[in-house]
Amino acid sequence: MISSTGKGIAFIINPGAGKGLAAKELSKMRQHVELRDAIFRITTTQGDAARFAEELGKSDQIHTLVAVGGDGTVHEIVPSIMGSQCRLAIIPRGSGNGLSGHLGLPFGLEEAIQLILRGNSAPMDLIRINGQICSNTSGFGFSAWVADQFGRDGQRGLLSYIRLGLTGFQGYKPLTCKIGSLSFPQLLSLEIANSSQLGNGAWISPQSLTHDGQAELVFLKKPGFLSVPGILLRTFSKRLDTSDFIQIMKAQKGVIQSDFPAEWHVDGEYKGITDRLEFEVLPHAIQVIH
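Heads up, our numbering is the position in the sequence shown plus 21, with the first residue counted as 1.
These are calculated hints, taken from the structure and not from any lab test.
Incorrect hints may appear among the rest.
Across the chosen pairs, the derived CB separations fall in these ranges [unchecked claim]:
1) K259 <-> H232: 15 to 21 Å
2) E132 <-> G192: 41 to 47 Å
3) N151 <-> G37: 52 to 58 Å
4) Q278 <-> D233: 23 to 29 Å
5) R184 <-> D265: 40 to 46 Å
6) R51 <-> F281: 21 to 27 Å
We put the CB at the ideal spot given by N, CA and C, even for glycine.
Based on the sequences and whatever the hints tell you, model everything.
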């Protein structure tokens with residue numbers, strides 16, 4: 022066990038996560054007898070989590086940073102603790118919680134706190150993609166278009182994500198992507214996966230591991246509209262890798278070139294438009310409690 026008082030543990034809390042659940046739980050965390058010496062930082066705008074993580078990660082007194090939020094909060098925190106002795110912990114309160122789902126982290130607050138206090142950790146890979154650090158997945162094409170719309174829409178949750186996807190699906194122009202001598206035409210999207218889940222129980226790469234030094238490149242050919250329900254069923258039943266529309270290859274690093282610029286995201290955070298993705302797996306770059 023790390024501590025019975027929370028000393029050396031710092032919580033970075035996104036109060037809007039979980040439709041405000043994280044904010045409602047803040048007083049419970051602060052009043053928890055086993056967290057009386059913990060530090061709490063509350064974000065108010067994008068970039069706060071990164072700033073807090075950089076400040077706290079430099080302190081010799083902090084050995085665990087806890088992200089209370091979703092994959093976006095984790096995305097901001099992780100670069101500051103790469104290669105350090107500071108460990109990452111997560112209390113999943115986001116709209117998707119893909120990395121937490123992959124790691125099997127508990128949702129209940131007390132169970133999550135006890136897991137953090139026990140302090141058992143294991144190494145986890147990260148992926149550098151066009152200079153950005155990815156802990157979960159990075160997408161190119163339609164999935165990133167949906168991520169952009171999802172951020173603008175203001176409505177969170179799985180149903181909103183599916184609604185946006187179905188709205189834009191038919192009009193989205195398919196891509197051709199090349200990696201080395203290999204060409205993948207008529208793609209709806211490409212996902213570079215560190216973990217197995219996009220979030221909300223959607224298994225984009227069921228065989229992915231976060232500690233094997235490999236990324237999975239998941240190529241999704243654009244299907245006909247009538248094939249979409251079957252693909253969704255496979256995605257949520259951990260069988261997407263058996264679909265005829267899916268190709269998956271493992272790689273440690275590489276350059277992906279598309280025939281025209283398209284949207285891309287990292288850990289669900291929209292990053293803009295590009296026609297080139299350069300990626301490299303960073304083996305065992307952080308320690309994560311789970």
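Do the hints match the structure? See the list:
| no. | hint | in the structure |
| --- | --- | --- |
| 1 | K259 <-> H232: 15 to 21 Å | holds (19 Å) |
| 2 | E132 <-> G192: 41 to 47 Å | holds (44 Å) |
| 3 | N151 <-> G37: 52 to 58 Å | violated (27 Å) |
| 4 | Q278 <-> D233: 23 to 29 Å | holds (26 Å) |
| 5 | R184 <-> D265: 40 to 46 Å | violated (26 Å) |
| 6 | R51 <-> F281: 21 to 27 Å | violated (50 Å) |
Hint check: violations occur at hints 3, 5 and 6; the rest are consistent with the structure.
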